[in-house]
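**Student:** Now for the letters of each chain:
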Amino acid sequence: MTRASAGYAIVRIAAAAAAVSAIYSEIAHGEFLPGAVIGFVNGATMSWVELVVIRAWAEPVLRRLPFLVTLCARAALLFAVALLVNAIFVPLFNGFSLAQVAELRDIVFALSVSLVLSVVLGVADLLGLDVLLGIVVGRYHRPRLEERALLFIDLCASTATAERLGGPRFLDFLNAVFADLSGAIVDNGGEIHKYVGDEIIAAWRLAPGRNEPRILLAWAAARARLAAGAERYRRDFGLAPDFRAALHAGEVVVGELGSRKKEIALIGDPMNTAARMLDACRDLDRPALASIALMERLAAPPGGFQTETIAPLPLRGKAVPLALVSLALEGAPAAVVAPVCA
Amino acid sequence: MRARPSHMGPAVGERGAPTWLTPRLVRIALISAALSALSGATYGYLVHDALATGLLFGGGLGALLALLEGGVFHGVAGAGLRRAPFVVYFGVRAGAYVVLIVATLGLVVWLLNGPAALRAISAVDILFTMLASVVANLGFAISDLLGPGVLLSFAAGRYHRPQREERAFLFIDLKGSTALAERLGEAGFLRFLDAFIVDVSREIVDHGGEIHKYVGDEIIATWRLKPGRNDVGIVRAWAAASGRLADRRAAYQREFGDGAEFRAALHAGFVMVGEIGSFKKEIALIGDAMNTAARMLDACRALGRVALASAALIDRLPALPDGVELAPIASLPLRGKAEALALVALALAQETPRPLEAAI
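Read top to bottom, the protein sequences are chains H and R.
Using UniProt numbering, read the first sequence as starting at 1 and increasing by one per residue.
Using UniProt numbering, read the second sequence as starting at 1 and increasing by one per residue.
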C-alpha cells in the first residue's frame with residue numbers, strides 16, 4: 001500500500017472507531033467526548049499497527065502461523081494497543097486513578113472489539129476483503145455488469161517444478177510465490193479473484209474514462225518482487241520462479257454463485273479472451289501481453305515500461321482479431337523471460 | 001440403497017431417520033450443546049454466581065438450537081434462506097436464535113419460580129443472549145461462505161502443514177455451456193449456473209462430500225477415503241444430482257428454456273492438501289489424481305458419455321448403489337504414463353416409478 005492511501009485508510013478507520021467508542025462512552029459513562037477522543041486515537045493506532053506493522057513487517061511471520069494462532073496474536077496485539085492508549089488518555093480526562101484506568105467494563109469492551117476485529121480480519125484473509133464486503137453488503141446478490149481490468153498470471157514450468165520438488169515442497173513454493181505476487185496486486189489496489197491451479201486471476205474495478213495504471217504497476221511490482229527474491233528462492237527451492245501474464249479489460253457480469261459454498265463469479269467474454277491471451281503468451285514466448293482495449297483505458301504509466309505492438313490475435317467466433325501489445329520492463333529483454341520459462 | 005432420493009414430501013431414509021439428520025448435523029449438535037453449556041456456565045458464574053444453572057441451561061439450549069438448525073435451517077427453510085442476501089440470511093438466523101433463547105429462558109424461569117420471577121431477567125441477560133446469537137450465527141454464516149468443513153479446517157490448522165490424503169473426486173461439467181451463455185446472455189447464464197450449482201452442490205453436501213471449487217462451469221467435489229473399501233456417497237451424490245436435475249427439468253425449461261445436464265468424472269487417488277495464499281486463502285489439492293480427473297472429463301466429452309469412473313475408484317467402493325449401471329470401456333492412455341487408465345462408463349438405469357410406501 002502506498003503511503004498516501006495508507007494514511008487515508010488510517011484516518012477513515014480512526015473516524016469509525018471514534019464514532020463507535022463515543023456511543024459506548026455515552027452509554028457506559030454518560031459523556032461522549034472522552035470516548036470519541038480515545039476511540040479516534042485507538043482507531044488510528046490500531047489501523048497503523050494493522051496496515052504498517054502487521055502488513056509490512058510481521059506479515060511474512062504471521063502468514064506462516066496457523067489461522068487460529070494468527071487470530072489470537074492479532075487480537076492480543078490490538079487489545080494491548082487499546083489498553084496502552086487507555087492508560088495514557090484516561091488520566092487526561094479524569095486525573096490519574098488506577099481504578100478508572102482499569103475499569104472492568106472498559107476492559108471487556110476493548111477485549112470484545114479486539115476479538116471481533118481480529119475475527120473479521122482473519123476471515124477477510126480467507127475470502128479476500130472485497131469478497132467478504134461484497135457478500136455481506138449484498139452488492140452482487142443481483143448480478144451486475146461491471147467494467148474490470150483483468151490480470152491473469154501463470155507460473156512458468158510449474159509441471160516440471162512440481163515433479164522436481166514433490167508435493168509438500170511444491171505447495172510451499174507456490175505459497176511463497178503467491179504471497180509475493182498477491183502482495184504486489186493488493187498493494188496496487190487489485191483484488192485476488194481466484195487461484196486456478198498455478199494461475200492467479202486478479203481484477204480491478206474501472207471507472208469511466210482513463211484510469212490510473214495500477215494494473216501495470218502491480219505487474220511491474222510482481223516482477224520486481226520475484227527478481228528481488230530470486231536468490232532466496234534459489235536457496236530455498238533450487239530455482240527462481242517466473243511468470244507470464246495477460247492484461248485485459250472489459251465488461252463482465254459479477255454475481256454471487258452457489259449456496260453451500262458462495263463466491264463472487266466473474267462471467268463474460270473478457271475472461272475467456274484473457275485466458276486465450278495467456279495461451280498466446282506461451283506460443284509467442286512473451287513475458288506479458290496487454291490488449292489495446294486495456295491500454296486505451298489507462299493513463300500513461302510512469303517511465304520504465306516498454307510496449308511493442310505485435311500482430312493482432314485472431315479469436316474463435318470473432319470477426320475482428322484482438323489488438324495487442326507486448327509488455328516489458330526497461331532493461332529486461334522482451335522475448336526471453338528466464339531460462340526456467342523458456 | 002436407492003440411487004435417487006425422494007423429493008416428495010417429508011423425506012425419510014431407509015434406516016427410519018429423517019434424511020436431514022446427517023452425521024455432520026449430529027456432530028454440529030453435539031458441538032453446539034458443548035459450546036453453549038460452556039458459555040452458559042461462564043456467564044452464569046460471572047454474572048449470577050450460578051455455575052450449575054448456567055451449565056444446565058446452556059447445554060439444554062444448545063441441544064434445542066441444534067434442533068432449530070436441523071429442522072428449520074437445514075430442513076424446511078434451508079434452501080430458500082440460503083439464497084437470500086447475506087444480511088437477510090444472517091438476520092433471520094440470529095433473530096430466531098434470540099427469540100428461541102429468550103422464550104426458553106422465560107419458560108424455565110416461569111416453571112421453576114412462578115411468573116413474578118420473570119422480572120428478575122435483566123437487560124444484561126438479554127444483551128448476552130443477543131451477543132451470543134450474533135457470534136454463533138456469524139460463525140455459521142461465514143462457514144457457509146467458505147463451504148462445509150473449510151472454516152473448521154482453517155481454525156484447527158489441519159492443513160497448515162500439507163497432508164497427503166487419499167480422496168475420491170467428483171468433477172462435474174455443465175453440458176452445452178457455451179451455447180447456453182450465448183443464448184441467455186451473461187446475466188441470464190449466471191442465474192442458470194447459480195441454479196445448477198445450488199441443485200448439484202446440495203446433493204454433494206447431503207451425501208457427505210465437500211465442495212472444493214468452482215472453475216468456470218465446473219464443480220469439483222471430494223470425499224476423504226480411509227484405507228480399504230469405503231462406503232462414501234460419491235456415486236450416490238452423482239446419481240442424486242442427475243435425478244434432481246431430471247426432476248427439475250420442467251422448472252429449468254420454464255425459466256431458462258432449457259434443462260440442465262452435466263458430464264461427470266469420478267476418480268480416486270492421493271493428493272497433497274495444504275493451505276495456500278495470503279490475502280485470500282484456500283485449501284489447495286495438488287497431485288496427479290486432479291489432472292487425471294480433468295483428463296477424464298475431456299474423455300467424457302470426446303466419447304459422448306454422461307459419466308466415467310476410474311477402476312481405481314470403483315475398486316474402493318463396497319458396491320454400486322441400485323439404479324446405477326456400469327459398462328466397461330477402453331482404457332484411457334495418459335500422457336507421461338506407461339499404463340493406460342482403466343475406466344468404466346456409468347449410467348442411470350431406466351427409472352421405474354417408485355411405490356409410494358417407499359417414499360414416505
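Be a bit skeptical, because a hint or two may be false.
What the hints assert, rightly or not - Just some of the chain R residues that point at chain H, by a computed CB distance under 7 Å:
hint : residue
1    : ARG82
2    : PHE140
3    : HIS160
4    : LEU184
5    : GLU186
6    : ALA187
7    : GLY208
8    : ILE211
9    : ILE276
10   : GLY277
11   : SER278
12   : LYS280
Simulated from the structure, these hints should not be mistaken for laboratory data.
Glycine included, every Cβ here is placed at the ideal spot set by N, Cα and C.
**Student:** Now tell me if each hint is right for this structure.
**Tutor:** Right, here's what the structure says about each hint:
1. ARG82: 4 Å, holds
2. PHE140: 12 Å, violated
3. HIS160: At about 4 Å, which falls below the 7 Å cut-off, the nearest Cβ of chain H leaves the hint on R:HIS160 intact, so it holds.
4. LEU184: 11 Å, violated
5. GLU186: 4 Å, holds
6. ALA187: 5 Å, holds
7. GLY208: 12 Å, violated
8. ILE211: 5 Å, holds
9. ILE276: 6 Å, holds
10. GLY277: 5 Å, holds
11. SER278: Since chain H brings a Cβ to about 4 Å from R:SER278, closer than 7 Å, the hint holds.
12. LYS280: Holds - the Cβ of R:LYS280 comes within 7 Å of chain H, reaching about 4 Å at its closest.
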